[in-house]
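Go by the hints and put chain B onto chain A.
Residue numbers (this note's numbering), protein chains in the order written: chain A, 1 to 657; chain B, 1 to 183.
Be careful, since some hints might not be right.
Now the in silico label distances, taken between C-beta atoms and shown as ranges [what the hints assert, rightly or not]:
1) B:A101 x A:R136: 23 to 31 Å
2) A:R117 x B:R91: 36 to 44 Å
3) A:S152 x B:A163: 53 to 61 Å
4) A:V159 x B:V179: 48 to 56 Å
5) A:T161 x B:Q81: 49 to 57 Å
Far from chain A by the CB rule (all over 10 Å, computed), these chain B residues [what the hints assert, rightly or not]:
6) P69
7) G71
8) E116
Treat the hints as calculated values from the structure; they're not laboratory data. Built from N, CA and C at the ideal position, the CB exists for glycine as well.
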Amino acid sequence: MTLLARIRRLPLGRKMTLLVMVPCVAVLLVAGSALVWFQLRLFRSDFARDITAVAEIVAENSTAAVAFSDAADATGILRSLRSKPQITTAVLVLPDGVVFARYGSSGEAPVRSAQRRFTYRETDALLVIPVLLEGRQVATLNVVSDYRTVYSSLLQLIVWTLVLMGVVGAGVGALVSHRLQRHVSAPLLRLAGHAQAVADRGDYSIRAGVESTAELAVLTRAFNRMLDHIQAQDRALSHSQERLAALVDSIDGIVWEAAPEDFRFTFLSRQCERILGYRPEEWLERAEFWASLVHPDDRERVTAARRSHVGAREAYTLEYRAQAADGREVWLREGGTVRKEEGAVVALRGILLDITQEKVAAMELERLNRHIADASRVAGMAEVATGVLHNVGNVLNSVGVSVTLVGDQLQGSKVVNLPRATAMLREHQADLAAFLTQDPRGRLLPDYLATVAEQLVAERQALLQEMAQLGRNVDHIKQIVAMQQSYATVAGVFELLDPTTVVEDALRMNSAAVERHRVEVVREYRPPLPRVKIDRHKVLQILINLIRNAKYAMDATRVDGKRLTVRVEPVESDRVAIRVQDNGVGIPAENLNRIFGHGFTTKKGGHGFGLHSGANAARSMGGRLYVESPGVGLGATFTLELPVASEAGAPEGASRS
Amino acid sequence: MTGSGSGRAAGAWRWWLWILLATAAAAGRAPGEFEVKAAFLFNFAKFVDWPEPSPGRGPMVIGVVGDDPFGPVLPQIVREQTVRGRRIEIRRFRADDDFEACHILFLSRSVAAEAEGILGRLRGRPVLTVSDVEGFAERGGTIGFALVEQSVRFDINLDAATAADLRMSAKLLAVARKVIRTP
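The shape of chain A in the complex, shown without the other chains (with noise of 0.2 Å):
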């Protein structure tokens, strides 16, 4: 393992010359080694072929020193082997053991045998072979031979040649791996060079030279082209990276980047110049100069919220203060979000608006809108006086009634003749009965009387009659006016309520109205129905306006057979609907999601003002406001759902709208 990590991290040169030396070192080694194991096996076979070549011509020459017993010739024969010098010893034995012969001194005992053989042993070689005349064999011959003389310096001539070898095929394969480093691994560090450049410098017009092989270069063009494209993309990237910046700076907000740790700003876009007339430079520099801009109050709030959300790392907006360089109040509003990479926040990213124009109109708004309640309510209130007027003014239409008729009785009352027959009686006091009795005008004024005392009766029960509707309408004005006032210091306060007591109270204020103009009211409620928790007075001011519009409408198409239905219903478990159903010119369907729209009216003189508040209201309430109408002429129904008012007592539905 090392040491192929070690050649791994070999440069390319050196790999080059092992790649080019190890298979050359190898190959001699293993030819080098198959060259010695074959000379050593041909010197083997070669020594005991030559050794045995000499034996044979000795043995053949001293067959007939053997055969006529000479053994002078014999041993003259034998030291012609003295021209072999690896032969030691030779010995010619007769088949009877007696030694004929003998040339070089051994101890040895001669072996005696028909059959040829030749031996290795530890220091020598043994030849034994036997001698024949005529087929026959008259002698063996021994023959001793030293190999190791020859075989050492046989192995000197191998030891020699492969370490003439070694050297020659290491210097072969120095050159070869030189001549190849110049054309293979030279260029490519030539390559790796301007790579290097490139990396180091990061100037992308470096090109380097055309090799002439066709692999180097095809790289090397790839490498140019790729340059090429890097050194477009790179010019692409810094456009496009000025024009981001320019964009950036454009953008009418200070776009930021800051680092999550200790939210220190990385990054801040020109604008921050404009908006707080700070440089990004000097705000960068300080970590904790953001900080010193936040207004005091803010300052807690934000950073905790903001840790808040980088720690759930999820986007975020906030809203602060902040002091610009000239000691201005800016309104901030800060969107950030959370950079990711594989799990953990890396930057945090956003844009720092000016939102004090937005600030300043909110507040205008907010003061308006409460003018605007403020008048709503005043409206609102107007109303309901105005019905109570109405109301009143309806009632005092029949007081007035009832003084005109007790005046008119009053006034063509019989009384006034009384003192004339009282006068007359009067008159007569003295003669009375004659009066009474002769007098054609006295005879008569009995029965005179008696009329007057009827009539008087009559006309006393008549103006009791008057005096009690007097009182009745009296009283029930009183009542209009508890009953106003009433509504009128609960204005604000939810109460617990039974929905169809408001919805009576509604009716009675419009009954005037309603009977003015004909309208038969339909009652329709359907127990059981919970209580309500509502704002009295404004649920009121909705219904009256509700009813007022369907008596509007109704009058608009229809002078009889107008009907009003007043329906109270629960839905689903939690609220409660009053429904005013009218059967009067109905709401085209173009006007149902204008209908409650501010300013919309079809009334002359109308200002648009009752539906868009009733429906602002009953939101206010967590209830809801809206119409269904078949089609025009057809009617409409106006539905007010109110929540049920939990155990609790809070308004359930009044976080939810």
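Below, chain B without anything else, positioned relative to chain A:
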């Protein structure tokens, strides 16, 4: 090459010779002169080439003229032996017999007087004449035995051999004591 070489080799040779003699003496039975001569006679057949086809494919004949000095030795030696695939046959002749069919003819000392005549009769015939008559080779015989220091040696008259159309092996010539030839 006999007797030549370094002094040390000659010394060793002598030493070995002494051991050889001592061993032979110890055996108590040194081979007799005629036993050796009989063996030599037979061995000559192996180192001499006779011209073809003169004696044909028949047995190789060794003839003895005159009194046979070998007795039973010679037949014993050649019994069951072959030379170049031919059996050996021993024939005995008198001096006036026809012995031209012989391959080897041994002239015993008893016919020494007729040796000249026999050699004259065999002139041009491929017969190897052998004898232990003194100076046989010098007198026109082919091989003549001689005793040298108790051992049997022989001289070869190469001219006679050539005349008889016999070819002598160089090895045979090498072991001869003396080779006679006209320069």
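Here is what the structure says about each hint:
1. B:A101 x A:R136: 23 to 31 Å: Given range 23 to 31 Å: holds, Cβ gap about 26 Å.
2. A:R117 x B:R91: 36 to 44 Å: holds (43 Å)
3. A:S152 x B:A163: 53 to 61 Å: holds (57 Å)
4. A:V159 x B:V179: 48 to 56 Å: Taking Cβ atoms as reference, A:V159 and B:V179 lie about 53 Å apart, which means the hint holds.
5. A:T161 x B:Q81: 49 to 57 Å: holds (56 Å)
6. P69: holds (18 Å)
7. G71: The claim stands: B:G71 keeps its Cβ more than 10 Å from every Cβ of chain A (closest is about 20 Å).
8. E116: holds (27 Å)
In summary, the structure agrees with every hint in the numbered list given earlier.
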